[in-house]
Amino acid sequence: GQQLNQSPQSMFIQEGEDVSMNCTSSSIFNTWLWYKQDPGEGPVLLIALYKAGELTSNGRLTAQFGITRKDSFLNISASIPSDVGIYFCAGGSGTSYGKLTFGQGTILTVHP
Amino acid sequence: DVKVTQSSRYLVKRTGEKVFLECVQDMDHENMFWYRQDPGLGLRLIYFSYDVKMKEKGDIPEGYSVSREKKERFSLILESASTNQTSMYLCASSPGRGSGNTIYFGEGSWLTVV
Chain S
1 GQQLNQSPQS
11 MFIQEGEDVS
21 MNCTSSSIFN
31 TWLWYKQDPG
41 EGPVLLIALY
51 KAGELTSNGR
61 LTAQFGITRK
71 DSFLNISASI
81 PSDVGIYFCA
91 GGSGTSYGKL
101 TFGQGTILTV
111 HP
Chain F
1001 DVKVTQSSRY
1011 LVKRTGEKVF
1021 LECVQDMDHE
1031 NMFWYRQDPG
1041 LGLRLIYFSY
1051 DVKMKEKGDI
1061 PEGYSVSREK
1071 KERFSLILES
1081 ASTNQTSMYL
1091 CASSPGRGSG
1101 NTIYFGEGSW
1111 LTVV
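Chains as they are written, first to last, in my numbering: chain S, 1 to 112; chain F, 1001 to 1114.
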């Protein structure tokens, strides 16, 4: 099945640094979602975006739904060690019974 | 909060065994999904269901079947487990059509087939 192009694949940063990751697609989506997965656990929803151009924050996290509806980014400000994990983007077309297309994930490592 | 519960976190099964992975959601969601997650391959959809007794194949249905007899419960069945089915399995649910595509995941089931 189709997958989104998520970058970077991995990041090694120092505590306190800001982080930015993004997803692009050749297809238009009506929904963009960002998930975080801790080691050995299921993905947890961080931010959901439902409108082109929408900018939404959740604490230190900020995500935007691209105006072309083909991309989205996630920023994390002032990273802390518990930000470690895998971050996934996902796009939804609004049809197909809620199926999502997922990115391959960005592995984030934060050094204290 | 949405709660998706997978009955078994860790299982070890023998090749050829029949394996059942159970999932229950408590938010009256219409849609339920089974994914498997493998390093380097991301999340791959096995099957999904949009209503009781209804099911649709995902991207990798071979070797699997599903059952949805009640709205809140979605089971994944490995008819004859093989070593290449060793993986992490994730159940998920989402509201019905028109409610957005937000999917909520369970905590995952780690299956090892020996």
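If you're looking for bench data, these hints aren't it; they were derived computationally from the structure. Warning: the hint list may mix true and false statements.
[As the list claims (entries may be wrong)] To give a feel for the contact side, a few chain F residues facing chain S, derived at Cβ under 7 Å: (1) F1020; (2) M1027; (3) N1031; (4) G1042; (5) L1043; (6) P1061; (7) T1102; (8) I1103; (9) G1106; (10) E1107; (11) T1112.
[Claimed, not checked] Within a straight-line C-alpha distance of at most 20 Å, the following computed DMTMM-like cross-link-like pairs (lysine to aspartate or glutamate) qualify: (12) K1071(F) / E1022(F); (13) K1070(F) / E1030(F); (14) K1003(F) / D1028(F); (15) K1003(F) / D71(S); (16) K1003(F) / D18(S); (17) K1013(F) / E1056(F).
In this text, a Cβ means the ideal position worked out from N, Cα and C, and glycines have one as well.
For each hint, the structure was consulted:
{"no.": "1", "hint": "F1020", "result": "violated, 19 Å"}
{"no.": "2", "hint": "M1027", "result": "violated, 13 Å"}
{"no.": "3", "hint": "N1031", "result": "holds, 4 Å"}
{"no.": "4", "hint": "G1042", "result": "holds, 5 Å"}
{"no.": "5", "hint": "L1043", "result": "holds, 5 Å"}
{"no.": "6", "hint": "P1061", "result": "violated, 12 Å"}
{"no.": "7", "hint": "T1102", "result": "holds, 5 Å"}
{"no.": "8", "hint": "I1103", "result": "holds, 6 Å"}
{"no.": "9", "hint": "G1106", "result": "holds, 5 Å"}
{"no.": "10", "hint": "E1107", "result": "holds, 5 Å"}
{"no.": "11", "hint": "T1112", "result": "violated, 14 Å"}
{"no.": "12", "hint": "K1071(F) / E1022(F)", "result": "holds, 13 Å"}
{"no.": "13", "hint": "K1070(F) / E1030(F)", "result": "holds, 11 Å"}
{"no.": "14", "hint": "K1003(F) / D1028(F)", "result": "holds, 10 Å"}
{"no.": "15", "hint": "K1003(F) / D71(S)", "result": "violated, 29 Å"}
{"no.": "16", "hint": "K1003(F) / D18(S)", "result": "violated, 31 Å"}
{"no.": "17", "hint": "K1013(F) / E1056(F)", "result": "violated, 26 Å"}
Violated hints, listed in ascending order, are 1, 2, 6, 11, 15, 16, 17; each of the other numbered hints is respected by the structure.
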